[in-house]
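This is what each chain is made of:
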Amino acid sequence: MQQYIEIFIGGIAQSAVYCIMAFGLSLIYGTARILNFAHGSLYTTGAYVAWVLTVGGLGLPLVLAVPLLIVILFTAGAALERVVVRPLRSLRDWKMSTMMVTLGLAFVLDNANLLIFGPVAKPMPAFIDGTVTIFGAIISSYRLAVLGIALAVLAALEIFLQTTRFGQAVRAVSQDTQGAAQVGIDVNIIFGFTFGLSVVLTGLAGFLLAPIYLISPLGGWVLFLKAFVIVVFGGLGSTRGAVIAAFTLGLIEAFVVHHVGASWTLPIWLVTLLVVLMIRPQGLMGVWEK
Amino acid sequence: MLSVRDINVFYGDFHVLHGVSLEVGKGELVAVIGANGHGKSTLLKAVCGLVPAADGDIVYAGENTRGRNAPQLVERGLVYVAEDRRLFPDMTVKENLLLGAFLKRGRERQDKTLAHVYELYPRLREREKQLARTLSGGESQMLALGRGLMSAPDLIAIDEPSLGLAPNLVDNMLQTIRQLKEDGMTVLLVEQSLALIEGVVDRIYMLEEGVISEDAAQSAKPAG
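Taken in order, these protein sequences are the chains called R and Y.
In terms of our numbering, the first sequence opens at residue 1 and continues consecutively.
In terms of our numbering, the second sequence opens at residue 1001 and continues consecutively.
Just so you know, these hints were derived from the structure itself, not from any lab.
What you are looking at is a predicted structure, and each value in this text was computed from that prediction instead of being measured.
Be aware that one or more of the hints could be misleading.
To be verified - Straight line, CA to CA, 25 Å or less: simulated SDA-like cross-link-like pairs of lysine to any residue: (1) Y:Lys1112 with Y:Asp1183; (2) R:Lys95 with Y:Tyr1011; (3) Y:Lys1112 with Y:Asn1172; (4) Y:Lys1129 with R:Phe166; (5) Y:Lys1094 with R:Leu157; (6) Y:Lys1129 with R:Phe160; (7) Y:Lys1129 with Y:Leu1169; (8) Y:Lys1181 with Y:Val1170; (9) Y:Lys1104 with R:Gln162; (10) Y:Lys1094 with R:Leu161; (11) Y:Lys1026 with Y:Arg1178; (12) Y:Lys1104 with Y:Glu1063.
Build out the structure end to end from the sequences listed, making use of the hints.
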């Protein structure tokens, strides 16, 4: 029993971080209709930036490092949209073009990280030590903190999207871009903002998982693949679907890792995805692209 | 109020509008008619900043607005209502309406306009908590026009409001548009069929294969 509590809590902590990352991927697809292949590399880059800000270089305390990290990631994301993506949007085949460009960007980032930080994985100390005992099960405090932070981030995102005027504008753009322009929403600002937010989310996930997985130049690809499976499982463009999918798959992963072995995680995820797509081709909550 | 002079619009290599000009006076109800695919929607979208005009002038309220984007024009009171409705399907009727008042211009008069729209279309009030995707064709058209009105337009450009509506609903729709004119709004309307709008509008332009001409005979008729 205690063992299962451990697996369960470990699983939902992991799921919550996947969820943040998948949310970012889904947000960009939902608004700008772009599948961002650099999402995993941005996850890694976010972790490296966090490492430089804290233990790896500047040694800033977390109260300074985290806001600074968020500002850097947001600026990078918004700049990415403005400089790389927006000029492509006027092309006829812009969807394919932007997808290819984000793939290229992923390789540039990966190799830049490799050159700058070297091939050896960087350890990142957990910012909270120790363990907590829940119903006799021993849980690492760090995992609990990660769970708390990730859930808080998700709640903040949901409140932002549902209740604020700007959040409404983001939803409007994702539901009908031309309709949004008609009511006077500046679609380019929303695209820039969602790219910024998306990079913040994936970079933050990289930072949160760094003490668990270490930071290595190609470490983001597995996470990207997982985020992609989550987004397709949940339904392309549906952030709520992504949340449900992340928790379902995260818990499946926790049990698979414990009972079968970590290398079985992705095969079992993909089989689950296949089954879901056979029953619901549009994913759990997806709507078909019109 | 609106003066379009010699605009050309391209979609890639495809030349859609050829030196199109038209005039809409303040308080007028002007229609552009023409068959599908001859550029009527493109004309309205170019006027409203949703597609770029390659050259020519679009003068709205004394200002050359060619090159301005839709949000800038909405803030100046020039609003487009799309033929394909362009609603936000996963938001409620009320959320859709309130998004119409997204900019300062609409927001300042939000409560008053909302009351007016509900008065115009009591059906929308009944359904205000329903998702837009669950509305019927007629209700969707009401919501599309209602959302446009929420932006507090001086000039409203309405693209084929009759599309997909049953004949009795078309009559209601035209009466509503006529009412908007009576209330002092300037209306630029696009339709396919002359028979539908004959006698309802002040003046008519014909658009054929991207070339416009004023239909003098129709224009001479008094508006009904």
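Evaluation of the provided hints:
no.	hint	verdict
1	Y:Lys1112 with Y:Asp1183	holds (15 Å)
2	R:Lys95 with Y:Tyr1011	holds (17 Å)
3	Y:Lys1112 with Y:Asn1172	holds (23 Å)
4	Y:Lys1129 with R:Phe166	holds (21 Å)
5	Y:Lys1094 with R:Leu157	holds (22 Å)
6	Y:Lys1129 with R:Phe160	holds (20 Å)
7	Y:Lys1129 with Y:Leu1169	holds (23 Å)
8	Y:Lys1181 with Y:Val1170	holds (17 Å)
9	Y:Lys1104 with R:Gln162	holds (20 Å)
10	Y:Lys1094 with R:Leu161	holds (16 Å)
11	Y:Lys1026 with Y:Arg1178	holds (14 Å)
12	Y:Lys1104 with Y:Glu1063	holds (20 Å)
Every hint, counting from the list given before, is met by this structure.
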